[in-house]
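Asks: These are the residues of each chain, in order.
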Amino acid sequence: MIQREELLKDGEIFAKIPEGPLAEKWTNYKAHQKLVNPANKRKLDVIVVGTGLAGASAAASLGEMGFHVLNFCIQDSPRRAHSIAAQGGINAAKNYQNDGDSVYRLFYDTIKGGDYRAREANVYRLAEVSNSIIDQCVAQGVPFARDYGGLLDNRSFGGAQVSRTFYAKGQTGQQLLLGAYSALSRQVSKGTVSLYTRYEMLDVVIIEGRARGIIARNLVTGKIERFSAHAVVIASGGYGNTFFLSTNAMASNGSAAWQIYKKGAWFANPCYAQIHPTCIPKHGEFQSKLTLMSESLRNDGRIWVPKKKEDAEAIRAGKKKPTDIPDEDRDFYLERRYPAFGNLVPRDVASRAAKERCDAGFGVNETGLAVYLDFKYAIERLGKETVAARYGNLFQMYEKIVDDNPYETPMMIFPAIHYTMGGIWVDYELQTSIRGLFAIGEANFSDHGANRLGASALMQGLADGYFVLPYTIQNYLADQIQVPRFSTDCPEFAEAEKAINDKIERLMGIKGKRSVDSIHRELGNIMWEYVGMGRTKEGLEKAITLIADLKKVFWNDLFIPGKRNDFNVELEKALRLADFIEIGDLMARDALNREESCGGHFREEYQTEEGEALRQDDKFSYVSCWQYNGDDQEPTLLKEPLNYEFITRQTRNYKA
Amino acid sequence: MDKNINIKVKVWRQAGPKAKGAFETYELKNISQGSSFLEMLDVLNEQLVNKERKEPIAFDHDCREGICGMCSLYINGHPHGPDTAVTTCQLHMRRFNDGDLITVEPWRSHAFPVIKDLVVDRRAYDKIMQAGGFISVNTGCGVDANAIPISKQAADEAMDAASCIGCGACAAACKNGSAMLFVSAKVSQLALLPQGKIEAKRRVKAMLSKMDELGFGNCTNTGACAAECPKSVSLSNIARLNREFICAKLGD
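So the sequence lines, in the order shown, correspond to chains Y and H. Residues in the first sequence are numbered from 1 upward in steps of one, following the working numbering. Residues in the second sequence are numbered from 1001 upward in steps of one, following the working numbering.
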């Protein structure tokens, strides 16, 4: 067995969570873990795949410590990673606003927001290191928003009753990523990090049960290359593009995670995908992606649909404008249903509420799949200037896409796939079930449970990369100091490379009639219809059959023009789509198994009379960990029990 | 109101870095004006692959929401096209009319060699950053984030400079192929903040010398860079860069 047997006890998975009180676990861990001395660090190589917040911060921090890092990204520069697109902000428990925040409260909100499906110890550690992230970013020159006194400003985000979100206009992800990129650039100049841009990892190489390198394709020349190291870190982001249309970047993909799954790393909670409530609605058949409007807009914007069906119909027919509907005929349904949190309920709750109204026939725009986000009230309260200062760039972005002015007419929004909480299973040390193989950031599953709160992705990516992995990886590497650098000539590398070459030959050789995108769109439609916001047993079973059929189409009717040893975008996309199809299948299987509703996973059979998610704690209080058994075999479901030692699980309530 | 239009697109095709390139013209029918410019290229590529079984046009793009800086393209003689303050991915077809002939070229700059078709190599910008576009602080060395108050004005100005997305439009637009706007944005951001002041002199000299070494030209204050910048990075940053550079050199 390739998996680390120490993780399994009586058929259940244990995550190596340190003993002791919650608030002392991480301190105790750090006090007793093994470290690598400076002279030995120089002898050890670490591969980091990805240069987003998690990857860049990890590569930079490991480089600063003295390890030699090989850092890979598929874009032309590390600064392009999709973390750059995060708009709203990053959470931290600084309590600068004196509004009652604390590490415990951030921990509690995150656990609750995740619908009690995350690990207590991991989330507490995340909240604990959150403050150091802000300090680190400010030291790097990240220009966070400040007040006139020169101190840092905060805004509030969904799922919290305090203002703990730090921001840099509507470009917080960009500024944080550029901070990490600058730290990374410094290490490149010092020679501790070797950068490989326009390289895509296609497989991990396992030697004697340990991750020892990767096979990557040079995207410019098409050449397959081998890289060896003492440990491999996967920071390749999420798999939201399984749905074709999502807020992810065009090249964001799940292939690195999927390849390590096929080598024996467990894939955890694949069905937990986040649907973001505030995206620009779909406009046409050739649409390539969906654009997110930051959740921060819900601070000041009010969400509504018409109260009367005839008004909604008139709007859809173009006979009425939203501004024609008087206040008393507007249904501010989030404020109505959730008085305590109002427009700031967590994302899954807001998304489902929008779907409920649209399904009931109150949707606006010609498709009926949109609701309004209105700034009229904010402009009345704060003035246009203040609103422009807070959201100006987002309003401009909206106007460019939709050709409507949000200062004068309400924005139209609709939910879209945004983030995947599921991912590669990792233990407390962020090590996967394969020795020497780690996963950080969105690529792992660890901190958000069944739903991620806004402004927590940036926090988790940077926590993993700056403050967690650089410690925990040493506990592994300390045992590797006797292992000399090794050549990539060994048979394991040759075998992995051959498998990749065979796969590429096979894909190029199909010479069918279908383009990659046409098949990907079809996959997206299946996923959105049956594995999207509302899931049922019948729908999921149907999805599994449809995906199996589509897989046959893909492997029999695909057409890739051009040569394999060349810059070939269609081949890149085909390799990724081959994996998306399989990921979609596993998402459906996981959703079928989880007979409950929690966070981003909503099974229509399991809801309260009021339409709220109904968890089944007695049956499903576990992390679903899927183990690959071969292409023609069903995967095995293993379970990591979620024992809540420190807090009591409650039904999430955002009403009072 | 958006409608459907018929257009012709004249695109630079080049098989590889050393191959000889040429323009090719393609006809497109029923393009929705609501679609983005890159979605129009997607449609064209789908047509090339599916109907003509040819290689699609290679072009760089990723986030498609104007922030990653991956998309480029010279469209009708303008980097990122005829609209102002947007990237190519945010450019919409409602900027074009029925019957238009649209010319699409890669970035035209000595320091950005063509890789294939419309894709260029922009690693030179990374190299300038590696030369000094950072504050020398290791992970874990930060003091409390509120320990150093920074005036709102300085923070806001630093943010405006920091909004650069590193797309390369400034150098591509410049008749001298200068990267001054790009360099000045980073130099300004860090020089405006107390954390960055300590090594400001070293930074400005190192970044400018790397820029020269990589084959970018000099600045002659034409202002094409700022006019074409999709993020409206201001020319005043170049003035600040020059001040910083002179002060640094006077100290030598």
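Derived by calculation from the structure, the hints in this document are not laboratory data. Since the model is a prediction, treat every value here as computed from it, not as a measurement. We put the CB at the ideal spot given by N, CA and C, even for glycine. Check the hints yourself; a few may be wrong.
As the list claims (entries may be wrong) - Counterexamples of contact, computed for chain H against chain Y with all Cβ distances above 10 Å:
(1) Thr1025
(2) Thr1220
(3) Leu1235
Claimed, not checked - Subject to a maximum C-alpha distance of 27 Å in a straight line, what follows is the list of computed DSS-like cross-link-like pairs (lysine-lysine):
(4) Lys513/Y <-> Lys537/Y
(5) Lys563/Y <-> Lys1020/H
(6) Lys1018/H <-> Lys1054/H
(7) Lys1018/H <-> Lys190/Y
(8) Lys1054/H <-> Lys190/Y
(9) Lys511/Y <-> Lys1054/H
(10) Lys551/Y <-> Lys537/Y
(11) Lys563/Y <-> Lys1054/H
(12) Lys307/Y <-> Lys320/Y
To be verified - Derived list of chain Y stretches under chain H, where covered just means 3 residues or more per stretch with a C-beta under 8 Å from a C-beta of chain H:
(13) 58 to 68
(14) 71 to 78
(15) 181 to 192
(16) 305 to 318
(17) 417 to 431
(18) 434 to 447
(19) 480 to 490
Asks: Give me the numbers of the hints this structure contradicts, sorted from smallest to largest.
Replies: 4, 7, 8, 16, 17, 18 and 19
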